[in-house]
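Going down the list, the sequences are from chains A and B. Take 144 as the starting number for the first sequence in my numbering and just add one per residue. Take 77 as the starting number for the second sequence in my numbering and just add one per residue.
These are calculated hints, taken from the structure and not from any lab test. Hints are supplied without guarantee of correctness; some may be wrong.
Below, simulated SDA-like cross-link-like pairs (lysine to any residue); rule was C-alpha separation at most 20 Å, straight line [claimed, not checked]: (1) A:Lys439 <-> A:Leu404; (2) B:Lys156 <-> A:Pro155; (3) B:Lys262 <-> A:Thr432; (4) A:Lys241 <-> B:Pro248; (5) B:Lys261 <-> A:Pro228; (6) A:Lys247 <-> B:Pro258; (7) A:Lys318 <-> A:Gly259; (8) A:Lys492 <-> A:Met429; (9) B:Lys160 <-> B:Pro170; (10) A:Lys241 <-> B:Arg250; (11) A:Lys241 <-> B:Pro258; (12) B:Lys262 <-> A:Lys492; (13) A:Lys210 <-> B:Lys262; (14) A:Lys244 <-> B:Arg250; (15) A:Lys408 <-> A:Lys272; (16) A:Lys272 <-> B:Lys262; (17) A:Lys241 <-> B:Leu257; (18) B:Lys236 <-> A:Asn303.
Below, each chain spelled out in residue letters.
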Amino acid sequence: MLELNNISVSFPGFSLKNISLKVEKGDYFTVLGMSGAGKTLMLEIIAGLQRPDSGKILLNNQDITNKNIQGRRIGLVYQDLCLFPHLTVADNILYPLKNKKFSKQEKSKTLEKLAGHMEISHLLERYPKSLSGGEAQRVALARTLASNPEVLLLDEPLSNLDVKLKSELRQLLKKINLSGKTIIHVTHDYTEAATLSNKVALIENGVLIQTGCPDDVFRHPVNEFVARFRGYKNLFKCTFESGVNSQNHNIARINNEIAVLLNEKIDYHKGFIVVPEQDIILSEAMLETSALNRFKGVVKEFYQMGFGMEVIIETGVDFSVVISQESFQKMNIEKGKELWITFKASAVKTLNG
Amino acid sequence: MTNKNSIKIVFLLLSGLILLFIIAPLAGMFLHTSLPQYKETLADAEVMSSIRLTLWASFLGTIIFGIASIPLAYILARKKFPLKSVVNGIIDLPVVIPHSAAGIAILGIVSRGSLVGQAGESIGINFVGGIAGIVVAMAFVSIPFLINAARDGFAAVPEKLEKAALNLGASPWRVFFTISLPMAKKNILSGLSMMWARGLSEFGAVIIIAYHPMITPVLIWERFTSFGLAYARPVAAVFVIVCLVVFIVMRVLSNSKSDA
Numbered sequence: 144m145l146e147l148n149n150i151s152v153s154f155p156g157f158s159l160k161n162i163s164l165k166v167e168k169g170d171y172f173t174v175l176g177m178s179g180a181g182k183t184l185m186l187e188i189i190a191g192l193q194r195p196d197s198g199k200i201l202l203n204n205q206d207i208t209n210k211n212i213q214g215r216r217i218g219l220v221y222q223d224l225c226l227f228p229h230l231t232v233a234d235n236i237l238y239p240l241k242n243k244k245f246s247k248q249e250k251s252k253t254l255e256k257l258a259g260h261m262e263i264s265h266l267l268e269r270y271p272k273s274l275s276g277g278e279a280q281r282v283a284l285a286r287t288l289a290s291n292p293e294v295l296l297l298d299e300p301l302s303n304l305d306v307k308l309k310s311e312l313r314q315l316l317k318k319i320n321l322s323g324k325t326i327i328h329v330t331h332d333y334t335e336a337a338t339l340s341n342k343v344a345l346i347e348n349g350v351l352i353q354t355g356c357p358d359d360v361f362r363h364p365v366n367e368f369v370a371r372f373r374g375y376k377n378l379f380k381c382t383f384e385s386g387v388n389s390q391n392h393n394i395a396r397i398n399n400e401i402a403v404l405l406n407e408k409i410d411y412h413k414g415f416i417v418v419p420e421q422d423i424i425l426s427e428a429m430l431e432t433s434a435l436n437r438f439k440g441v442v443k444e445f446y447q448m449g450f451g452m453e454v455i456i457e458t459g460v461d462f463s464v465v466i467s468q469e470s471f472q473k474m475n476i477e478k479g480k481e482l483w484i485t486f487k488a489s490a491v492k493t494l495n496g
Numbered sequence: 077m078t079n080k081n082s083i084k085i086v087f088l089l090l091s092g093l094i095l096l097f098i099i100a101p102l103a104g105m106f107l108h109t110s111l112p113q114y115k116e117t118l119a120d121a122e123v124m125s126s127i128r129l130t131l132w133a134s135f136l137g138t139i140i141f142g143i144a145s146i147p148l149a150y151i152l153a154r155k156k157f158p159l160k161s162v163v164n165g166i167i168d169l170p171v172v173i174p175h176s177a178a179g180i181a182i183l184g185i186v187s188r189g190s191l192v193g194q195a196g197e198s199i200g201i202n203f204v205g206g207i208a209g210i211v212v213a214m215a216f217v218s219i220p221f222l223i224n225a226a227r228d229g230f231a232a233v234p235e236k237l238e239k240a241a242l243n244l245g246a247s248p249w250r251v252f253f254t255i256s257l258p259m260a261k262k263n264i265l266s267g268l269s270m271m272w273a274r275g276l277s278e279f280g281a282v283i284i285i286a287y288h289p290m291i292t293p294v295l296i297w298e299r300f301t302s303f304g305l306a307y308a309r310p311v312a313a314v315f316v317i318v319c320l321v322v323f324i325v326m327r328v329l330s331n332s333k334s335d336a
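Sequences are here, hints too, so could you generate the full structure?
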């Protein structure tokens with residue numbers, strides 16, 4: 144439905160390089176990247192606010208690369224919302240409709256429907272400066288939806304909201320998407336991408352690194368950048384050695400000393416391993432299990448988390464382990480205490496790098 | 077005496093002196109004019125007709141030239157182009173050149189032998205010795221006040237809002253009239269009232285183009301040179317009061333409109 148083919152644009156000190164992606168009708172497509180990665184610029188190019196140096200943008204197979212902004216039918220909700228401060232909420236929402244030949248009745252019907260949908264009916268006579276962040280976000284969404292765009296572009300829509308509002312707005316965005324609206328959402332927040340999207344793309348320094356469904360992308364990150372975005376804490380640079388022990392296991396060697404046994408067959412020499420923190424067992428004595436990786440270490444730090452504790456164990460490298468409050472108290476954990484960490488070879492993910 | 081106190085005293089003293097410098101001559105003029113003189117001046121048909129002409133001519137110049145100069149102010153605020161700083165400098169020229177010289181320059185353009193003068197005459201407009209000439213002279217010297225204020229007003233409107241309006245399907249015309257212009261309104265109204273006020277006080281350029289019909293600054297000068305200070309002062313006092321009242325009313329109206 145929306146297709147970007149080799150879009151490139153250069154500015155002094157920054158460029159987008161050969162961006163290609165395909166968004167199907169009804170997709171919730173999230174572009175993840177750090178600040179300054181080129182996410183907003185990409186949206187501005189799709190919306191026509193910036194012109195690419197090369198490449199094509201196709202909407203329903205029609206080339207819209209050079210089409211003017213107002214004729215594209217692509218709605219952009221800016222990160223700072225850009226509500227018109229001199230217009231009331233109602234007039235902001237009706238702005239796209241005053242353009243066209245809508246009857247008064249049609250306008251008020253649309254206003255009523257959108258305001259109800261966004262739960263802002265009580266705000267219609269207010270001015271934007273009197274709205275809270277969450278209210279303003281809903282008004283901006285309603286205004287853009289009033290223009291009935293083919294594709295809705297959202298620039299960091301949840302970035303300035305508190306946890307409760309984030310959750311409410313996430314549900315609203317999902318509802319909008321489920322009503323059939325195609326959405327492209329850019330963010331730096333992995334959780335937003337994981338909870339909302341059916342497709343994600345990761346962008347780094349103006350280049351798309353990996354695209355796919357969230358499960359695939361985050362289970363099989365193509366490089367360290369993607370893995371770090373997923374939020375993996377136990378991500379280690381290592382060298383790989385094949386079939387070095389009696390059971391012919393492959394080994395990932397961290398800092399030339401710690402040897403982590405792997406199940407996977409590796410055909411590259413250098414890279415990264417990821418050990419998900421929830422796959423590590425923490426114990427006071429060495430466990431006699433089938434898990435092949437067992438390391439003795441000392442407690443370096445521990446932090447309170449939402450429903451448990453994160454404990455950092457120094458074994459030569461620092462492993463982050465998540466345990467319950469109950470286990471933490473039972474083991475009587477304190478800084479400097481000797482503990483064992485255990486994890487299966489199959490839990491270790493490898494990345495080329 | 078501490079440093080903090082000494083700076084406070086020096087600043088207050090200088091501020092007081094400057095305020096006195098502005099207020100004293102005006103207060104002197106009002107106080108030296110007796111009540112009967114005010115009454116007599118207000119009953120003087122020549123004075124009242126000249127005040128009406130001055131207010132009207134300046135208002136006309138402000139409306140015609142002010143509206144016409146809004147697009148230039150917008151371009152200066154939004155667009156980058158070669159020699160933009162030169163254009164900005166040109167706009168300020170009427171403020172820096174002597175106004176009698178400005179009058180001579182305008183006369184060259186609107187005199188009866190000139191193209192503009194002839195075109196005006198063909199449709200019954202006389203610039204030299206006519207209201208049209210007064211309007212042009214007043215607008216010439218006061219237009220920088222509006223253009224500069226409007227340019228600053230447009231520059232303060234975030235360009236992103238205009239782009240957001242385009243993204244919502246508005247045409248560039250609609251974006252200008254519904255977003256840019258209303259959001260720059262406060263500056264534009266302030267610029268218009270400054271332009272109008274500056275036009276009222278013009279003397280040098282107007283006297284060269286149109287001694288008659290007589291605007292109030294010319295009338296004050298004529299009474300001063302023909303009859304002396306005592307005859308000129310009541311006219312000046314009445315004119316200043318009228319200007320102040322109209323100016324304050326306009327500022328209040330423009331502020332209440334732009335705050336709405």
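Quick rundown of the hints versus the structure:
| no. | hint | result |
| --- | --- | --- |
| 1 | A:Lys439 <-> A:Leu404 | holds, 15 Å |
| 2 | B:Lys156 <-> A:Pro155 | holds, 18 Å |
| 3 | B:Lys262 <-> A:Thr432 | violated, 77 Å |
| 4 | A:Lys241 <-> B:Pro248 | holds, 14 Å |
| 5 | B:Lys261 <-> A:Pro228 | holds, 13 Å |
| 6 | A:Lys247 <-> B:Pro258 | violated, 23 Å |
| 7 | A:Lys318 <-> A:Gly259 | holds, 13 Å |
| 8 | A:Lys492 <-> A:Met429 | violated, 23 Å |
| 9 | B:Lys160 <-> B:Pro170 | holds, 17 Å |
| 10 | A:Lys241 <-> B:Arg250 | holds, 10 Å |
| 11 | A:Lys241 <-> B:Pro258 | holds, 16 Å |
| 12 | B:Lys262 <-> A:Lys492 | violated, 62 Å |
| 13 | A:Lys210 <-> B:Lys262 | violated, 34 Å |
| 14 | A:Lys244 <-> B:Arg250 | holds, 14 Å |
| 15 | A:Lys408 <-> A:Lys272 | violated, 59 Å |
| 16 | A:Lys272 <-> B:Lys262 | holds, 18 Å |
| 17 | A:Lys241 <-> B:Leu257 | holds, 17 Å |
| 18 | B:Lys236 <-> A:Asn303 | holds, 19 Å |
When held up to the earlier numbered hints, the structure conflicts with 3, 6, 8, 12, 13, 15 and fits the remainder.
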